[in-house]
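Listed below, chain by chain, are the residues.
Protein chains: 2
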Amino acid sequence: MGTIQVASVPNLTTALTGPLLELERHILDRQPAIEHWFREQWRKTPAPFYCSVDLRNSGFKLAPVDTNLFPGGFNNLNPAFETLCIQAVQAATERVCPTAAKILLIPESHTRNLHYLESVASLVDIVGKAGFEVRVGSLIQDLSAPQKIDLPSGRQLTLEPLRRTKNRLHLADFDPCSVLLNNDLSDGRPALLENIEQPVIPSPNLGWWSRLKSSHFNHYRDVAQEFADLVEIDPWFFDPLFRNCGEIDFMKREGEDCLARNVDVLLKAIQLKYDEYKLDRKPFVVMKADQGTYGMGVMSVHSPDEVYVLNRKQRTKMAASKGGQLVSKVILQEGVYTFENWDGAACEPVVYMIDHFVVGGFYRVHNARGDDESLNAPGMEFRPLVFAQPCNAPDTSLDPDANVNRFYAYGVVARLALIAAAREAAL
Amino acid sequence: MGTIQVASVPNLTTALTGPLLELERHILDRQPAIEHWFREQWRKTPAPFYCSVDLRNSGFKLAPVDTNLFPGGFNNLNPAFETLCIQAVQAATERVCPTAAKILLIPESHTRNLHYLESVASLVDIVGKAGFEVRVGSLIQDLSAPQKIDLPSGRQLTLEPLRRTKNRLHLADFDPCSVLLNNDLSDGRPALLENIEQPVIPSPNLGWWSRLKSSHFNHYRDVAQEFADLVEIDPWFFDPLFRNCGEIDFMKREGEDCLARNVDVLLKAIQLKYDEYKLDRKPFVVMKADQGTYGMGVMSVHSPDEVYVLNRKQRTKMAASKGGQLVSKVILQEGVYTFENWDGAACEPVVYMIDHFVVGGFYRVHNARGDDESLNAPGMEFRPLVFAQPCNAPDTSLDPDANVNRFYAYGVVARLALIAAAREAAL
Chain A
219 MGTIQVASVP NLTTALTGPL LELERHILDR QPAIEHWFRE QWRKTPAPFY CSVDLRNSGF
279 KLAPVDTNLF PGGFNNLNPA FETLCIQAVQ AATERVCPTA AKILLIPESH TRNLHYLESV
339 ASLVDIVGKA GFEVRVGSLI QDLSAPQKID LPSGRQLTLE PLRRTKNRLH LADFDPCSVL
399 LNNDLSDGRP ALLENIEQPV IPSPNLGWWS RLKSSHFNHY RDVAQEFADL VEIDPWFFDP
459 LFRNCGEIDF MKREGEDCLA RNVDVLLKAI QLKYDEYKLD RKPFVVMKAD QGTYGMGVMS
519 VHSPDEVYVL NRKQRTKMAA SKGGQLVSKV ILQEGVYTFE NWDGAACEPV VYMIDHFVVG
579 GFYRVHNARG DDESLNAPGM EFRPLVFAQP CNAPDTSLDP DANVNRFYAY GVVARLALIA
639 AAREAAL
Chain B
219 MGTIQVASVP NLTTALTGPL LELERHILDR QPAIEHWFRE QWRKTPAPFY CSVDLRNSGF
279 KLAPVDTNLF PGGFNNLNPA FETLCIQAVQ AATERVCPTA AKILLIPESH TRNLHYLESV
339 ASLVDIVGKA GFEVRVGSLI QDLSAPQKID LPSGRQLTLE PLRRTKNRLH LADFDPCSVL
399 LNNDLSDGRP ALLENIEQPV IPSPNLGWWS RLKSSHFNHY RDVAQEFADL VEIDPWFFDP
459 LFRNCGEIDF MKREGEDCLA RNVDVLLKAI QLKYDEYKLD RKPFVVMKAD QGTYGMGVMS
519 VHSPDEVYVL NRKQRTKMAA SKGGQLVSKV ILQEGVYTFE NWDGAACEPV VYMIDHFVVG
579 GFYRVHNARG DDESLNAPGM EFRPLVFAQP CNAPDTSLDP DANVNRFYAY GVVARLALIA
639 AAREAAL
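These protein sequences, in sequence, are chains A and B.
Read in order, the letters of the first sequence correspond to residues 219 to 645 in my numbering.
Read in order, the letters of the second sequence correspond to residues 219 to 645 in my numbering.
Don't read these hints as lab results, they were simulated from the structure.
One or more hints might be untrue.
Copies of the same chain are indistinguishable here, so a pair counts whether it falls within one copy or spans any two.
To be verified - Pairs of lysine to any residue residues, derived as SDA-like cross-links and limited to a Cα-Cα distance of at most 25 angstroms, are as follows:
#1 K262 x R313
#2 K320 x D247
#3 K366 x A563
#4 K384 x E351
#5 K470 x H254
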């Protein structure tokens, strides 16, 4: 795993860090009350099995922009915290499948993405070390025999053909008690997973075939307000404004007026907040598919006019999300600048949770992207920079922006998104 | 905390490692089945809140010799695994006191032992970082105002006078929801703790005023047999033989015949096992108080005659255990050589658990003690050597005696003692 870099915290390349410091101070001062509040939340709505949250940190705002309930990237976590992941899996399985012994992992079907397969291998390691027999069953339709894949890390992953007998999923010689889904079902809910008698975790209902980002951020808005009341700070410091549009057809250019109107409303709302806090920045809006993941169909716009002048390439990009789904619904989200900077490159934190435990994270570092662009983009410039310290060890004897306390703040904001996801899952 | 050494695993200075390797191999091969079995055990009898277990490793045998339900020594754990302790405390409190927000910690009353107070400070840190308001209430009777103690680590610990109003324990301005006991109650069960309305964790019934080592090792014998059936290996490889005597008065020399007789029986039983496995070692027996801790009143004997020739100093030592309790009951336990060696000094592993999670450990290193003596003895020669790797991350791709796998084996055997403690607590 030669690409892993362990380092300290990226620089914040902005002078506008006053509000963030304020947020960090509010969080640190109220840490026991915050944790008590989180414990209440998990009793009301249990956390999903696992989750990763993309954050953006502009120095004046720290907010989630994407919440993934079938996370990849486990190979990018700090190896020193694998022990934390193992323990969290043990705690999580006690709650969701207490008598499980054999677990079947169902990953994404794109077998050429070695980064993703490294993540699957890491997940297999973690679940195995937590004390389960774990094997990987693939949804790939033309897989007729086990396929061994040699990974750059030196590990080997075996994908086996998934079989179904009556209502039981299994492999040729492996009858699992539980199914762990690591496939976000962007292509829809496969018939193979319908009416399975084993518990399937997380529920296939949380796949992108049915989930909407706008629904998630609706829940998030409520959570942010409740948390803001608790820590006595404006929720805007950790809640990105958003609006959503009805049906859009980018290729036929249907729905553009609605988009432009909403971009305009949103830009003005952001400007009002910038004025309130005397932030000398140009507002921007991120336009993305309301369903789906993987950073496809994501675009930053700085004025309503830009909606009308998208070129063919941009339209094609917006019109196709992962799995070839046509983008019909769009979410417009307040753009949050990233002013975290590593070695001259823009970076953004990604925080990982297993059950309600924050188990680590990494920075997504992208040389070729600006501070107002999504960094979750394909390309060789992507580098992971692992969190050097854990996110669950705040130290009140240090400054609010000391490294461990910044990581703690990341974990707090990421868990707000996790609560929103838990509320989605509870419906 | 300048005394902490992080290093790899001590050397096993013996050629007799065949059986240990065999035990480690059996454990590693059956890891998923073992963890499944542990999960079943915790469902039947929940683990105590925390626990430390002293192990002895002779290369041909790996066995617990003492199980502490009110552990000190948290300051000796690897700082890199504090995050694991924090997460384990979070998981544990969810089960035993789900709505707690404020926790009152009651430590031992010997305030001159700075090592112990460092452990209390570490425990305060861990519980605080886990998200609780935690303060320390002392049982010291003449403490009339808060006492601040500066510790060698640079930390400061505040002991506050414990108060009781009706059936509620509290401090002057702190009304806790739960009480965390870190006092082993060797002196008896204080009236102050009777009929408290808050939950007291662990139960004062588990204090040394009522607990018997022989009762613990009776439970352990059952657990060891069940585990031996699971891993298909002779339980003797991880179960020390023992016998106990009735009332002994060392000063009046009453009960000596019974002691000598039982030492003789035990030495012969050990010799039979040594013969069975062709182990060319001299058997010995450890004689210790059936109640109490802290390594006082512990003595190694190699023949029944030694019981009759104890000198006055040895008698005095055996007659007084911690808190000045007279030793009246004695347990005779198979002596397990320690052939772990660090820098020429004998050492033995101490494994820490919070709830049922193994969170780390350290080696007790003692320059002035032999491989057939207790290393839990006062003196400047004691040095902690922290476990460099976690105990919950076995790696089946490595040899059974690779470091992570040896640490895993420690954690497995320590958890067998934890099950025995859980069964004691359930009665």
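**OP:** Tell me, please, which holds for K384 and E351 at an alpha-carbon limit of 25 angstroms: within, between, both or neither?
**Re:** within (23 angstroms within a copy, 53 angstroms between copies)
- prompt: Using 25 angstroms as the alpha-carbon threshold, which applies to K320 and D247: within, between, both, or neither?
  reply: between (43 angstroms within a copy, 15 angstroms between copies)
Intra/inter-copy verdict for K366 and A563 if alpha-carbon distance must be at most 25 angstroms
neither (36 angstroms within a copy, 48 angstroms between copies)
Next on the checklist: When Cα atoms must be at most 25 angstroms apart, do K470 and H254 count as within-copy, between-copy, both, or neither?
Outcome noted: neither (51 angstroms within a copy, 57 angstroms between copies)
Intra/inter-copy verdict for K262 and R313 if alpha-carbon distance must be at most 25 angstroms:
both (14 angstroms within a copy, 15 angstroms between copies)
When each numbered hint is compared with the structure, violations occur for hints 3 and 5.
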